[in-house]
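Colleague: Residue-level listing of the chains:
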Amino acid sequence: MARVIVVTSGKGGVGKTTTSAAIAMGLAKRGHKTAVIDFDVGLRNLDLIMGCERRVVYDFVNVINEEATLNQALIRDKNCNLLYILPASQTRDKDALSQEGVGRVLDELKKDFKYIVCDSPAGIEKGAHLAMYFADDAFVVTNPEVSSVRDSDRMLGILSSKSRRAEQNEEPINEFLLLTRYSPERVKLGEMLSVDDVQDILSLHLLGVIPESKSVLNASNSGTPVILDEKSDAGQAYADIVARYLGEERPHRFIDDKKGFFRNLFGGK
Amino acid sequence: MSQDSKKKSNLINALEFKTSTFSVPVLMLASDDMGLLEQLLAQKIKQAPEFFKNSPLVLDLQEINKQGFIVDIIALVDLIRKAGLILVGVRAGNVLQNKQSLDLGVPVYAAQGRESIVESQRLTKFQVETPPTIESDKPQEIKVTVPTTLITHPIRSGQRIYAAGDIVIMAQVSAGAEIIAEGNIHVYSTLRGRALAGVLGDIDARIFCFDLQAELISIAGNYKVSEDLGASVRNKPVQIYLKDKSLIIKDIVLHH
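Read top to bottom, the protein sequences are chains A and B. When you line the first sequence up against my numbering, it's residues 1 to 269, in that order. When you line the second sequence up against my numbering, it's residues 1 to 256, in that order.
Please keep in mind that the hints were generated in silico from the structure rather than gathered at the bench. Keep in mind that the hints are not guaranteed to be accurate.
[Said to hold, decoys possible] A few chain A residues that face chain B, going by a derived Cβ cut-off under 8 Å, partial list only:
no.: 1; residue: SER147
no.: 2; residue: ARG154
no.: 3; residue: LEU156
no.: 4; residue: SER160
no.: 5; residue: SER161
no.: 6; residue: ARG165
no.: 7; residue: GLU167
no.: 8; residue: GLY247
Cβ coordinates follow ideal geometry from the N, Cα and C atoms, glycine included.
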């Protein structure tokens with residue numbers, strides 16, 4: 001049975017698209033046929049992060065308007081042949097999406113794919129609403145700062161009251177917390193909320209912590225999902241998250257300040 | 001019994017007058033500023049839109065007349081009707097006000113304290129409860145038991161829950177969430193949002209929570225914001241109740 005995953009946050013710039021690209025790639029690399037959809041119509045970015053921007057012919061809106069078939073619009077990833085990207089339209093806005101249209105596209109994808117990752121736009125308006133509406137699982141991407149945490153909380157409220165599962169009184173969406181751009185050093189200095197602080201406020205199952213890492217920026221610039229950079233801390237953190245989502249037990253990493261530990265050990269700066 | 005007399009008795013039974021007591025909210029005004037009144041009324045209704053929708057209402061003019069304000073009854077009635085309330089009476093009006101009311105088809109009641117048709121014993125700003133009847137031949141009262149609302153999932157920022165009676169929440173209430181109840185509020189977890197108990201004027205309503213970090217707490221319209229909550233009452237189990245119109249916050253654990 002196919003599962004629809006929404007990557008959402010409420011707030012912008014917290015790492016939704018980076019996360020969508022990474023987990024979609026992670027799932028595909030583990031042998032699951034996966035599609036990733038960019039719901040950010042008008043501000044598309046996923047194609048850049050996935051490095052397929054020069055191969056976009058048709059997009060999500062074309063498929064919804066039946067101007068192209070799904071197969072025409074899906075772009076096969078250059079690194080993994082089990083991963084497909086459905087890019088957003090850059091020349092339209094969110095009103096081009098309709099609930100029936102999105103539902104129809106997702107139903108068609110479900111016939112052929114194991115996982116469908118929906119990269120939500122920021123905000124709580126139409127685009128974000130449609131991205132989460134049909135979801136089975138939600139990855140709530142949060143930065144360790146108060147405004148991001150509050151926006152995530154708001155989004156969790158919307159997931160539990162405005163989704164299809166909520167409206168039809170089905171089993172609720174599985175909600176997972178992904179804490180991104182985490183810096184243990186800054187937590188120690190009191191400049192950032194800790195994992196415990198965030199979990200205390202959101203009381204949500206923590207799927208993983210992604211450390212603040214320059215490998216993320218490098219990956220974005222080169223158009224390869226950071227999960228493929230197996231040496232990087234962020235890449236490993238995303239690999240852990242995919243493994244945990246698939247049911248594996250993995251201890252949490254990147255939460256403690258290792259540098260701090262050595263610093264203390266050697267008593268120097 | 002002859003056919004004729006049978007018919008007669010049937011006819012008698014076909015119509016009967018009885019006296020009944022109803023609970024009707026009474027709107028007390030203490031200003032003649034129509035703009036302000038409209039704004040305040042809209043605010044009140046927003047707190048409990050389901051309750052106020054098509055609710056009967058008695059307009060009390062005692063305070064207005066006492067303070068010598070001159071109000072346009074026609075405009076006032078219009079304002080109330082536009083707000084979605086159904087005016088079923090004007091109370092304590094003067095001769096002119098009563099005439100204007102009757103012209104608009106609104107019944108007129110005498111001021112409280114004197115003989116009045118609509119009985120209002122406990123007058124808070126909005127009266128709801130019907131006092132218990134002692135004598136059995138007094139008008140029957142309709143007793144409605146409102147079930148307690150039970151919620152087991154977290155109430156997230158931006159969510160708003162209204163309970164017509166008591167509400168019991170077995171999970172946290174996030175900052176930016178709002179719990180509104182006509183009765184008591186119980187939160188068996190952290191209360192970070194707003195909690196408004198006794199919103200229809202029940203001064204005996206209480207708020208109970210396991211961990212007080214609320215943005216706002218209110219009982220029957222008497223409120224405190226986060227800033228007013230001292231460190232001595234925060235982050236622990238407390239109960240909040242009203243005493244002489246001020247909110248009392250006390251530890252829930254009683255040490256004997």
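Colleague: With chain B as the partner, please determine if A/SER160 meets the hint condition of a C-beta pair closer than 8 Å.
Modeller: Constraint on A/SER160 satisfied, holds at 6 Å.
Colleague: Please check whether A/ARG165 passes as an interface residue: C-beta within 8 Å of a C-beta belonging to chain B.
Modeller: At 13 Å from the nearest chain B Cβ, A/ARG165 fails the 8 Å test, so the hint is violated.
Colleague: Mind checking the CB of A/SER147 against every CB in chain B and telling me if the closest is under 8 Å?
Modeller: violated, 11 Å
Colleague: Have a go at the A/GLY247 hint: is there a Cβ in chain B nearer than 8 Å to its own Cβ?
Modeller: Violated, because the Cβ-Cβ distance from A/GLY247 to chain B comes to roughly 24 Å (cut-off 8 Å).
Colleague: Does the closest beta carbon of chain B sit nearer than 8 Å to the beta carbon of A/SER161?
Modeller: holds, 7 Å
Colleague: Going by Cβ atoms only, is A/ARG154 closer than 8 Å to chain B?
Modeller: holds, 4 Å
Colleague: Interface hint check: A/LEU156, Cβ to nearest Cβ on chain B, cutoff 8 Å. Holds or violated?
Modeller: Holds. Min distance 5 Å.
Colleague: If you take the shortest Cβ to Cβ gap from A/GLU167 to chain B, is it below 8 Å?
Modeller: violated, 15 Å
Hint compliance for this structure: hints 1, 6, 7 and 8 are not met, and every other hint is.
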